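*Asks:* Could you build all of it, start to finish, from the sequences and the hints given here?
There are 2 protein chains.
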Amino acid sequence: MLTQKLAEFVVQRNDVPVDVVHGATNALIDTVGVALVGTREPVAEIAWQWVEEVGARPKATVWGSSVRTSAGEAAFANGIAGHVLDWDDTSPSLRGHPSTTLIPAVMALGEAIHAPGDAMLAAYALGFEVAGKVAKALGNGHYTRGWHNTVTVGVFSCAAAAGRLLKLDVSTMRQALGLAASQSAGLLRNFGTMTKAFHAGQAARAGIHAAWLASRGFTADAAIFDGKNSFFSTYAGEDGEPFAELVSKLGQPWEVVKPGINFKKWPCCYQIHRGIIGLMDLLEENKIATGEIESIAIGFPPGSDAALIYDDPKNGLEGKFSAQYNAAAFVLDRKLGLESYTQAAIERPAVRSLMSKIRRYRVPDTKSYAGTVGYTDIELVTNRGAFKRRVQQAETRAAWVVTDEEHNEKFLECATPILGHEQARQVLKLARRCPGLDDVSVLAQATTCAPDRVATARTADKAKTTA
Amino acid sequence: MLTQKLAEFVVQRNDVPVDVVHGATNALIDTVGVALVGTREPVAEIAWQWVEEVGARPKATVWGSSVRTSAGEAAFANGIAGHVLDWDDTSPSLRGHPSTTLIPAVMALGEAIHAPGDAMLAAYALGFEVAGKVAKALGNGHYTRGWHNTVTVGVFSCAAAAGRLLKLDVSTMRQALGLAASQSAGLLRNFGTMTKAFHAGQAARAGIHAAWLASRGFTADAAIFDGKNSFFSTYAGEDGEPFAELVSKLGQPWEVVKPGINFKKWPCCYQIHRGIIGLMDLLEENKIATGEIESIAIGFPPGSDAALIYDDPKNGLEGKFSAQYNAAAFVLDRKLGLESYTQAAIERPAVRSLMSKIRRYRVPDTKSYAGTVGYTDIELVTNRGAFKRRVQQAETRAAWVVTDEEHNEKFLECATPILGHEQARQVLKLARRCPGLDDVSVLAQATTCAPDRVATARTADKAKTTA
Numbered sequence: 001m002l003t004q005k006l007a008e009f010v011v012q013r014n015d016v017p018v019d020v021v022h023g024a025t026n027a028l029i030d031t032v033g034v035a036l037v038g039t040r041e042p043v044a045e046i047a048w049q050w051v052e053e054v055g056a057r058p059k060a061t062v063w064g065s066s067v068r069t070s071a072g073e074a075a076f077a078n079g080i081a082g083h084v085l086d087w088d089d090t091s092p093s094l095r096g097h098p099s100t101t102l103i104p105a106v107m108a109l110g111e112a113i114h115a116p117g118d119a120m121l122a123a124y125a126l127g128f129e130v131a132g133k134v135a136k137a138l139g140n141g142h143y144t145r146g147w148h149n150t151v152t153v154g155v156f157s158c159a160a161a162a163g164r165l166l167k168l169d170v171s172t173m174r175q176a177l178g179l180a181a182s183q184s185a186g187l188l189r190n191f192g193t194m195t196k197a198f199h200a201g202q203a204a205r206a207g208i209h210a211a212w213l214a215s216r217g218f219t220a221d222a223a224i225f226d227g228k229n230s231f232f233s234t235y236a237g238e239d240g241e242p243f244a245e246l247v248s249k250l251g252q253p254w255e256v257v258k259p260g261i262n263f264k265k266w267p268c269c270y271q272i273h274r275g276i277i278g279l280m281d282l283l284e285e286n287k288i289a290t291g292e293i294e295s296i297a298i299g300f301p302p303g304s305d306a307a308l309i310y311d312d313p314k315n316g317l318e319g320k321f322s323a324q325y326n327a328a329a330f331v332l333d334r335k336l337g338l339e340s341y342t343q344a345a346i347e348r349p350a351v352r353s354l355m356s357k358i359r360r361y362r363v364p365d366t367k368s369y370a371g372t373v374g375y376t377d378i379e380l381v382t383n384r385g386a387f388k389r390r391v392q393q394a395e396t397r398a399a400w401v402v403t404d405e406e407h408n409e410k411f412l413e414c415a416t417p418i419l420g421h422e423q424a425r426q427v428l429k430l431a432r433r434c435p436g437l438d439d440v441s442v443l444a445q446a447t448t449c450a451p452d453r454v455a456t457a458r459t460a461d462k463a464k465t466t467a
Numbered sequence: 001m002l003t004q005k006l007a008e009f010v011v012q013r014n015d016v017p018v019d020v021v022h023g024a025t026n027a028l029i030d031t032v033g034v035a036l037v038g039t040r041e042p043v044a045e046i047a048w049q050w051v052e053e054v055g056a057r058p059k060a061t062v063w064g065s066s067v068r069t070s071a072g073e074a075a076f077a078n079g080i081a082g083h084v085l086d087w088d089d090t091s092p093s094l095r096g097h098p099s100t101t102l103i104p105a106v107m108a109l110g111e112a113i114h115a116p117g118d119a120m121l122a123a124y125a126l127g128f129e130v131a132g133k134v135a136k137a138l139g140n141g142h143y144t145r146g147w148h149n150t151v152t153v154g155v156f157s158c159a160a161a162a163g164r165l166l167k168l169d170v171s172t173m174r175q176a177l178g179l180a181a182s183q184s185a186g187l188l189r190n191f192g193t194m195t196k197a198f199h200a201g202q203a204a205r206a207g208i209h210a211a212w213l214a215s216r217g218f219t220a221d222a223a224i225f226d227g228k229n230s231f232f233s234t235y236a237g238e239d240g241e242p243f244a245e246l247v248s249k250l251g252q253p254w255e256v257v258k259p260g261i262n263f264k265k266w267p268c269c270y271q272i273h274r275g276i277i278g279l280m281d282l283l284e285e286n287k288i289a290t291g292e293i294e295s296i297a298i299g300f301p302p303g304s305d306a307a308l309i310y311d312d313p314k315n316g317l318e319g320k321f322s323a324q325y326n327a328a329a330f331v332l333d334r335k336l337g338l339e340s341y342t343q344a345a346i347e348r349p350a351v352r353s354l355m356s357k358i359r360r361y362r363v364p365d366t367k368s369y370a371g372t373v374g375y376t377d378i379e380l381v382t383n384r385g386a387f388k389r390r391v392q393q394a395e396t397r398a399a400w401v402v403t404d405e406e407h408n409e410k411f412l413e414c415a416t417p418i419l420g421h422e423q424a425r426q427v428l429k430l431a432r433r434c435p436g437l438d439d440v441s442v443l444a445q446a447t448t449c450a451p452d453r454v455a456t457a458r459t460a461d462k463a464k465t466t467a
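Chain order of the listed sequences is A and B. Heads up: the first sequence begins at 1 in our numbering, then just goes up one per residue. Heads up: the second sequence begins at 1 in our numbering, then just goes up one per residue.
Note that these hints are calculated values from the structure, not bench results. Since the model is a prediction, treat every value here as computed from it, not as a measurement. Honestly, I wouldn't trust all of these hints.
The list makes no distinction among identical chains, and a pair is therefore deemed to hold if it is satisfied within one copy or across any two copies.
[As the list claims (entries may be wrong)] In the DSS-like style, the derived pairs of lysine-lysine whose C-alpha atoms are separated by at most 25 Å in a straight line are:
1. Lys314 to Lys228
2. Lys287 to Lys314
3. Lys388 to Lys167
4. Lys367 to Lys228
*Replies:* In structure tokens:
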């Protein structure tokens, strides 16, 4: 009865430690920030048109807009905006993106039902716990069979979090999980297209849908993680961990704390982050000038570069999933930012020239990796010798956004172009205070943005892109 | 470029033969009928509450209600009502239910955009064609891996049909199919719960969602049925037919005509229909009285009884998926109808006594079957000898609802308790005339039912159920 145990944990666990709440708060700040700047992207505009088409009763805010809609549709639009730049956080257990599904789900539902901040953050942390355990049971094989964990696992974490906010009892939570299982879909083949961002919005909406229907008496298989023909028998790879063991370790430690949330320093695929860290260190330590570089080799063990599908990217969205482009752009600019993924930046002759000196290769390894798990080898050959580095997951944590101050800076960098300086600071202040808020709707509604300002931000962005 | 060829067929094919239109019209009548009587079920009531919760702009009708909502939410609610009684049609190619996803999708979208009747029926037939070909490529192995084709394939057929109604071009249709692939989910494990009906509504809504987003420029993998890591590589079984061959045979013949639509005579799982036909014939031909029966044996080859998961059903919904219950109830009553699946009917001592004389066994066969494909062996032992019969798919067609007159009768049986005699006849008349309607919204809106009448029908039904 593993489904029962999982549901019991999500429904009954009340002592959420302070470091878990703190991690959840930073995830909230990170997610809302990258979603706000994400609203300038064409995919977010289409999602907003869909929200407009549905025309639902206004219960939840579409961040960075003047639009309010149903909780489900708001979660859908915000999840898409949160994921489109691929600047949102990841989780090594999930092998995908936990917060761009969970935060939109709990924020939209929290706003609609006027939940207090601590309840919303607890729901997030419990949903995160579900994501980690289900994904570990699926193993790398789930990912290598073609699924995008962010959504295939995200539907469960969002259903659990939404169910927690709706105060479902254990039996009803089990129905919600069964219903979520019948919405577990999303293919890696859609990476590099708008549908990758769709996956995030879809998980958030599906989770709310499942929990809400269950709360009204909708029935589903109440033991979806147990027995013959369980969810795992259809979806898992060969290398998953036993779910029974994972469930016995719920909250020991909390996934939010260990292995923790991997926040993104750069708005590109996490699978090239280790490589960039290696490059950054080698360039700095050896004071290497760009002109000195003769060649760069980037080595990935099996599976750890599965999402880096563009060797020759044609636009910014593809550039985010290119090992060669990101390495070249970083070496040239010594930084990566939103401006690195404009059409003009992608087409720079200097970048193209440097990309021709970059080689990608397979590191022999008996293990295979998926999502954000793995390591990267960097070899940098210059006219004064070769420099090598293997970058492991753990070593690199310090180079990521980690301090509260760095989170605040990233948020303001993202939110200011959309909301303006003053409103961005106000939203940040409310988000930092989230654990003490009586009603999270004050935070959600603080992200409201006048239509003309949205239009201006988009126009400015388009002008830059086509410049 | 199989995705391209499939999209070309759906977008460009204009000469829909008259027998295809006729088959589609009967499917429309069958689906709306069983959905109307399905609205009395608790699952339909919860779906309506969800529609109410969303509170969308009224563009499409929830059949048998006074509610109008968005096209997507109407399709969701109507798909659920259409499938809950398991009285809706099936397709041997799909190995599932084609019309309870497609008809709600094209009716809701058709109503919202005021499509003409012939365009709506063509969209249905083209969507049906996609369902047949994709499902044959997935093979029985897809089903036996745990998926419910009605929704996992239904998302594609509904996206194709909705895209056709929205007049997508070929390139945009390909995006819609890629987006549909990332919504392909639904587990057999949820059979015997409300989530089986949810699957139908989910496919209808997802199809509209995918086509609508694509129409606004949303991008997805444009060749989802081609190459490495295609939809098939993640979802197909070992025994699928080559998709290239299937695509070369689109419309030759049309799936709607051959193998055709299997309409249901009885409101229970199609997998027991063959067995009941066998029993019916043996009982009639040999003039066997119920008291003469000593035992009944029902034999299924592998896979052909996968959905008959309840040997000892506890309620009507479970009874629909019980070989033993359906056989016993048919023998006793010499018919099966909605009244066969009330709580009182399920608990009858005479039924329980007869069930104890019914044995189910596995027929050795080197092939395995899925969905509605297969055959059933019936052996009836009486005090004056044993009688045997093997019932194949094809043989049994004549015993199903087939003539227009029988369709009309089934519709009126289903619709009259909900709409009353006069309105039911009016809806039937409009549905029969559907190929000539200038705007299908007149048909959809003719199904409107005052709230008090809905409440009365439900109360009457509950009283019967608990009697």
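*Asks:* Now tell me, hint by hint, if it's right for this structure.
*Replies:* Hint check results:
Taking the shortest Cα distances, Lys314 and Lys228 sit within 25 Å of each other only across copies (21 Å), while inside one copy they are farther apart (46 Å). Proximity of Lys287 to Lys314 under the C-alpha cut-off of 25 Å is found in neither arrangement, the shortest distances being 31 Å within a copy and 76 Å between copies. Taking the shortest Cα distances, Lys388 and Lys167 never come within 25 Å of each other, neither inside one copy (53 Å) nor across copies (56 Å). When the C-alpha separation of Lys367 and Lys228 is checked against a cutoff of 25 Å, the pair qualifies only between copies, where the shortest distance is 22 Å, while the shortest distance within a copy is 28 Å.
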